[in-house]
Amino acid sequence: MSTTSGGRPLTTMQDRLNYLFETVRPVGKPRYSVREVAEAIKRDQGFDISAAYINYICTGERENPGVQQVRALACFFGVPASFLLGDGDQSQIARELEQLRAAVRFKEKLQAADDAMNDPCVRVIAMKARGLSPSHLKLVSAMLDQVREIEGLP
Amino acid sequence: MRAREIRRYEQLLRRLDITIPVPFDARTFSEHIADKRGRPIHILPMDTSDATAPCGLWLATAKADYVVVDNRAPAVLREHILLHELAHLLCDHRGRLRLDAADLSFDFLDPAMVERVLGRTSHYPDAQEREAEGVASVISRFAARRSPVPRPRDDADERTAALDRVSSALAADRSWKT
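Line by line, the protein sequences give chains A and B.
Numbered according to my numbering, the first sequence spans residues 95 to 248.
Numbered according to my numbering, the second sequence spans residues 810 to 987.
Please keep in mind that the hints were generated in silico from the structure rather than gathered at the bench.
Please note: incorrect hints may appear among the correct ones.
DSSO-like, lysine-lysine: derived pairs with alpha carbons at most 30 Å apart [stated by the list, open to error]:
no.	chain 1	residue 1	chain 2	residue 2
1	A	Lys203	A	Lys232
2	A	Lys232	A	Lys136
3	B	Lys845	B	Lys872
4	B	Lys872	A	Lys232
5	A	Lys136	A	Lys123
6	B	Lys845	A	Lys123
Pairwise CB distance ranges (calculated) [as the list claims (entries may be wrong)]:
no.	chain 1	residue 1	chain 2	residue 2	range
7	A	Ser176	B	Thr837	56 to 64 Å
8	B	Ala871	A	Gly160	51 to 59 Å
9	B	Arg817	A	Asp181	32 to 40 Å
Just so you know, even glycine gets a beta-carbon here, dropped at the ideal spot from N, CA and C.
Produce the complete structure using the sequences and hints provided.
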């Protein structure tokens with residue numbers, strides 16, 4: 095059994111799929127809709143899965159989905175199928191999902207700052223170190239806060 | 810770094826006509842750059858020790874340039890980071906505030922998914938990083954050759970700092986052109 099970094103247990107298939115919906119989301123949107131996921135699976139994997147079927151797993155109505163369905167969903171969310179099945183040590187994958195979640199939030203913050211600072215006047219910075227950790231993201235956030243304060247931005 | 814690149818970076822610095830202070834001091838150097846460009850440069854000392862390695866950041870807005878320098882890194886590294894970020898600014902590197910899939914590396918998550926979520930990877934910043942690193946090291950070499958006394962190792966060391974100020978007053982600042 096795995097847990098989220100917040101300590102929430104991921105006991106069931108329902109928990110794990112919902113967790114993937116929460117952590118793997120596109121920038122600027124709260125989550126993928128089940129319809130988007132079904133369409134992407136059809137398009138990218140050539141596999142038919144209905145939005146309703148995915149929804150049944152999310153609501154817990156279907157506790158034991160088919161192997162192919164599990165594989166297709168895992169593939170869409172970019173995790174090994176074993177994660178959805180609850181097999182093995184999943185803490186490392188959960189940690190990466192949390193990093194991804196932080197990165198998506200951070201990117202939204204960057205875009206908001208970009209707008210506030212009147213793009214295209216804002217130019218870049220490249221980070222010196224490769225591989226952004228959550229602490230890097232925190233650092234850039236803190237920098238943006240200081241800059242906004244100095245410039246008297248909201 | 811190849812000789813051709815070194816020459817190119819030296820030409821760039823000559824063209825910009827930036828004064829390199831003697832003895833070298835990165836902060837004074839940044840003030841010269843700010844004067845030359847007519848835009849203030851704010852140096853923001855921050856604790857970056859949470860990050861995996863000390864790092865620097867540069868951000869330019871319509872009004873000013875901001876450079877973050879780790880205030881806990883050893884003085885030599887801190888100076889190098891500041892120079893590296895100033896080099897970005899001198900080279901007029903630009904782009905948008907960005908974070909994309911290339912900035913993150915995962916062991917388990919599928920890179921295609923990460924790219925879909927965070928946006929497509931763009932490669933130009935690597936070239937900019939190399940250029941900034943090259944310019945920074947050309948400046949350091951120049952500074953090392955012309956420095957009459959060793960730079961203070963630590964800001965807290967008042968005596969060496971005072972000595973440095975005195976020698977700075979004695980030796981006229983040297984332009985890159987000379």
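Hint-by-hint comparison with the structure:
| no. | hint | in the structure |
| --- | --- | --- |
| 1 | Lys203/A - Lys232/A | holds, 11 Å |
| 2 | Lys232/A - Lys136/A | violated, 37 Å |
| 3 | Lys845/B - Lys872/B | holds, 15 Å |
| 4 | Lys872/B - Lys232/A | holds, 24 Å |
| 5 | Lys136/A - Lys123/A | holds, 21 Å |
| 6 | Lys845/B - Lys123/A | violated, 44 Å |
| 7 | Ser176/A - Thr837/B: 56 to 64 Å | holds, 58 Å |
| 8 | Ala871/B - Gly160/A: 51 to 59 Å | holds, 56 Å |
| 9 | Arg817/B - Asp181/A: 32 to 40 Å | violated, 55 Å |
Violation of the numbered hints given earlier is confined to hints 2, 6 and 9; the remaining hints are satisfied by the structure.
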